[in-house]
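Fit chain H to the given chain V structure using the hints.
These protein sequences, in sequence, are chains V and H. Residues in the first sequence are numbered from 9 upward in steps of one, following the numbering used here. Residues in the second sequence are numbered from 9 upward in steps of one, following the numbering used here.
Think of the hints as simulated: they come from the structure by calculation, not from any bench. Predicted model only: the values in this text are computed from it and were never measured. Don't take every hint at face value.
One copy or two, it doesn't matter: identical chains are merged, so the pair holds either way.
[Said to hold, decoys possible] Cross-link-like lysine-lysine pairs, in silico, BS3-like; alpha carbons within 30 Å at most:
(1) K64 <-> K75
(2) K90 <-> K185
(3) K64 <-> K164
(4) K78 <-> K62
(5) K90 <-> K161
(6) K154 <-> K78
(7) K185 <-> K99
(8) K161 <-> K75
(9) K94 <-> K161
(10) K64 <-> K154
(11) K78 <-> K59
(12) K161 <-> K78
(13) K178 <-> K161
(14) K78 <-> K178
(15) K78 <-> K164
(16) K164 <-> K178
(17) K99 <-> K161
(18) K59 <-> K178
There are 2 protein chains.
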Amino acid sequence: MGEAIVLLSGGLDSSTVLAMVRDSGYEIVALTFDYGQRHLRELNSARRIAKHFKVKEHIIIPLDLGKLLKSSLTNGTMSIPKGRSKDDIGKGIPSTYVPSRNIIFLSIASSIAESRGAEAVYIAANSVDFSGYPDCTPEFIAAFQKTIDVATKAGKEGRSIRVFAPVLEKSKAEIIKEAVRLQVPLELTWSCYEGSVKACGKCDSCLLRLQGFADAGMEDPLEYEVR
Amino acid sequence: MGEAIVLLSGGLDSSTVLAMVRDSGYEIVALTFDYGQRHLRELNSARRIAKHFKVKEHIIIPLDLGKLLKSSLTNGTMSIPKGRSKDDIGKGIPSTYVPSRNIIFLSIASSIAESRGAEAVYIAANSVDFSGYPDCTPEFIAAFQKTIDVATKAGKEGRSIRVFAPVLEKSKAEIIKEAVRLQVPLELTWSCYEGSVKACGKCDSCLLRLQGFADAGMEDPLEYEVR
Numbered sequence: 009m010g011e012a013i014v015l016l017s018g019g020l021d022s023s024t025v026l027a028m029v030r031d032s033g034y035e036i037v038a039l040t041f042d043y044g045q046r047h048l049r050e051l052n053s054a055r056r057i058a059k060h061f062k063v064k065e066h067i068i069i070p071l072d073l074g075k076l077l078k079s080s081l082t083n084g085t086m087s088i089p090k091g092r093s094k095d096d097i098g099k100g101i102p103s104t105y106v107p108s109r110n111i112i113f114l115s116i117a118s119s120i121a122e123s124r125g126a127e128a129v130y131i132a133a134n135s136v137d138f139s140g141y142p143d144c145t146p147e148f149i150a151a152f153q154k155t156i157d158v159a160t161k162a163g164k165e166g167r168s169i170r171v172f173a174p175v176l177e178k179s180k181a182e183i184i185k186e187a188v189r190l191q192v193p194l195e196l197t198w199s200c201y202e203g204s205v206k207a208c209g210k211c212d213s214c215l216l217r218l219q220g221f222a223d224a225g226m227e228d229p230l231e232y233e234v235r
Numbered sequence: 009m010g011e012a013i014v015l016l017s018g019g020l021d022s023s024t025v026l027a028m029v030r031d032s033g034y035e036i037v038a039l040t041f042d043y044g045q046r047h048l049r050e051l052n053s054a055r056r057i058a059k060h061f062k063v064k065e066h067i068i069i070p071l072d073l074g075k076l077l078k079s080s081l082t083n084g085t086m087s088i089p090k091g092r093s094k095d096d097i098g099k100g101i102p103s104t105y106v107p108s109r110n111i112i113f114l115s116i117a118s119s120i121a122e123s124r125g126a127e128a129v130y131i132a133a134n135s136v137d138f139s140g141y142p143d144c145t146p147e148f149i150a151a152f153q154k155t156i157d158v159a160t161k162a163g164k165e166g167r168s169i170r171v172f173a174p175v176l177e178k179s180k181a182e183i184i185k186e187a188v189r190l191q192v193p194l195e196l197t198w199s200c201y202e203g204s205v206k207a208c209g210k211c212d213s214c215l216l217r218l219q220g221f222a223d224a225g226m227e228d229p230l231e232y233e234v235r
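Isolated chain V (complex conformation) (with noise of 0.2 Å):
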């Protein structure tokens, strides 16, 4: 097997997805973007992933579009919201939304894919146990993917980069679970919208996080400000 891209945050969801993608047999690029996230501490969580799985390479691509996005997680002026309900979580669409964060990642995604020879992209978005992203869904992987097969030379030419999206339709407590079972160092990864020492235990990230590990019975190894 080839080469493929996986899109690395340093979150339990895509630390996850590049145990899963290890295991399949491909050779793993990581992609992390330094895009004015608020948490920098997560740059360093996967950092730290890539280097447990051994992985092929690490790309790391600043792309400073904190001040021009409007989002409270590149933006230190606006708030992220806290200690919101499960059902409130999943309502409508919250401040730490990044405009086409997912398109602008997997199209640059896809085009490291086309230069280098990959034949995948992997990315972590979740449309159950999740934020009301737009960019989390099916509808939005299905286009993405249409949009690469027009565009692109490998696509005219029928070897179209596929794009997966694993733990799409997985619950958290699943993510979790598959997570011990590929031997994911959970305590290395990072969800945490804040960048602080330990980790908020308020923000939606870490509430959905607790929650997951809560419904598979387990026990999460980060510490937290609240619990």
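Only chain H this time, still in chain V's reference frame:
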């Protein structure tokens, strides 16, 4: 009317599109990428054109993908095709193709548009007198529009960013006539794939431009090494 984002490379086509959009009454935010292209001189042309047309803002985004991409436009060790016939230029996809370039550019443009509340994104893709790039076709524009319709908050709320490619089906001669009508300072634009003092006159982009001027019965004000 509100704001529109115009992708501006500094070439003939995008400078003309900018003039067309200005003519339509939008406030213009010009967006230029410094992505490791050989012809950095283009960037200066983009700056001059943006200044000439007094755009509201000119955003230049550094996106250093040069070494990661397989393209003679970004990789100095690959050679740019020279002296091809018009028939040859239309056939196949040349080495100057940059994988997923317009997908990357449009996705970042859409992201900024959504963040600022701009209504539209304009791209100077052209599928008539062009180099066979698959990301310059009506199919691509339609597929990309569908992607942002389903994958952005604006799209979900029924006010999707509209992507327009107003010179998509125009010949180079038609674009030049439109440029003249709209008083685009053609001497400030730069189309050559090389970044020398004079345009080379032999790369696909120079040849298409020169043929366009000939077809329009006009003289190109640029200096060429050979014409």
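Quick one: K178 to K161, C-alpha cut-off 30 Å, is that within a copy, between copies, both, or neither?
-> Cα proximity of K178 and K161: across copies only (23 Å, versus 33 Å in one copy).
Within, between, both or neither, where K90 and K185 count as close if Cα-Cα is 30 Å or less | within (26 Å within a copy, 57 Å between copies)
Alpha-carbon proximity context of K78 and K59, limit 30 Å | between (32 Å within a copy, 26 Å between copies)
Evaluate K161 and K78 at a C-alpha cut-off of 30 Å and name the case that applies: within, between, both or neither.
-> The answer is between: 12 Å across copies meets 30 Å, while 33 Å in one copy does not.
From the Cα coordinates, with 30 Å as the cut-off, is the pair K78 and K178 best called within, between, both, or neither?
-> Answer is within; shortest intra-copy Cα gap is 29 Å, inter-copy 35 Å.
Which holds for K185 with K99 at a C-alpha limit of 30 Å: within a copy, between copies, both or neither?
-> So K185 and K99 pass the 30 Å test inside one copy only (26 Å; across, 51 Å).
Have a look at K90 and K161 and pick one of within, between, both or neither, based on CA distance no larger than 30 Å.
-> between (45 Å within a copy, 21 Å between copies)
Measure nothing new, just compare the shortest in-copy and cross-copy C-alpha distances for K64 and K154 to 30 Å and report within, between, both or neither.
-> within (28 Å within a copy, 34 Å between copies)
Same-copy or cross-copy closeness of K94 to K161 [CA-CA at most 30 Å] | between (43 Å within a copy, 20 Å between copies)
Is it within, between, both or neither when you check K78 against K164 at 30 Å Cα-Cα?
-> Between copies only: 17 Å across, 35 Å inside.
Quick one: K154 to K78, C-alpha cut-off 30 Å, is that within a copy, between copies, both, or neither?
-> Answer is both: 27 Å inside a copy and 22 Å across each meet the 30 Å cutoff.
Up to 30 Å between alpha-carbons, please classify K99 paired with K161: within, between, both or neither.
-> between (39 Å within a copy, 13 Å between copies)
When the structure is compared with the earlier hints, no violation turns up for any of them.
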